[in-house]
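Residue 39 in the numbering used here sits at position 22 of the sequence shown; the count goes up by one each step and never skips.
Since the hints were made in silico from the structure, they are not lab data. Owing to the predicted nature of the structure, the values given are computational and were not obtained by experimental measurement. Heads up, some of the hints might be wrong.
[What the hints assert, rightly or not] Okay, derived cross-link-like pairs now, PhoX-like style, lysine-lysine, Cα gap no bigger than 20 Å in a straight line:
(1) 39 - 62
(2) 38 - 19
(3) 38 - 62
(4) 164 - 62
(5) 19 - 164
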Amino acid sequence: AKDTHVLVPILPMSLMDVYGKKAKEFYSSRDPWFGDPVHKFAQAKAEPGWYLVRQTEVPGSTSQNWDQQQRLLGNGESVPSASVLAQTALLHREQTGERLFSRVWVRSGDVTADGNRVDVSFDPGGLDVGRWGDGAYSYIGVAASRKSS
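Take these sequences, add in the hints, and give me the full structure.
So this is what it looks like as structure tokens:
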């Protein structure tokens, strides 16, 4: 898995906790949309532990809707939260200088208050957190991870 995944320690932090510590690393360094209290996913703490996170989208998952993307997950894989993806991307960048999720957006397992899927991308402008529906888009794949037991 060393060529396709990164092993990272995930802390019990919410996306807003991560943002609070690393706001300057985010694309929206002031008043992010997910900071609105209606978006409960951004307040939810990640379950701590070691995660094996795919470095890019699941192969073949772009141009697929959410249901189709779910069928592409391997045994033991799940779609991580936006907090897990943010922690992974920021820690990996700090350690290696490489940006994960820079080719396409990756869907997280989180959903906004209005029912849209939360997506993450890390381009030169910073770590970006977006929201789209569950439709098929050529620029959105799905993220995957495994958590140690």
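Handout entry: 20 Å limit on alpha-carbon distance, applied to hinted pair residue 38 and residue 62
Key = Holds, because 14 Å separates the two Cα atoms, which is no more than 20 Å.
Handout entry: Pair hint outcome, residue 19 versus residue 164 [Cα-Cα no greater than 20 Å]
Key = holds (16 Å)
Practice task
For the pair we were handed, residue 164 and residue 62, check the Cα-Cα distance against 20 Å.
Solution key: holds (15 Å)
Exercise for the section: Below or equal to 20 Å on CA atoms is what counts here, so check residue 39 against residue 62. Expected result: holds (16 Å)
Practice task
Starting from residue 38, check that the Cα of residue 19 is at most 20 Å away, please.
Solution key: violated (28 Å)
Violated hint: 2 only; the structure is consistent with all others.
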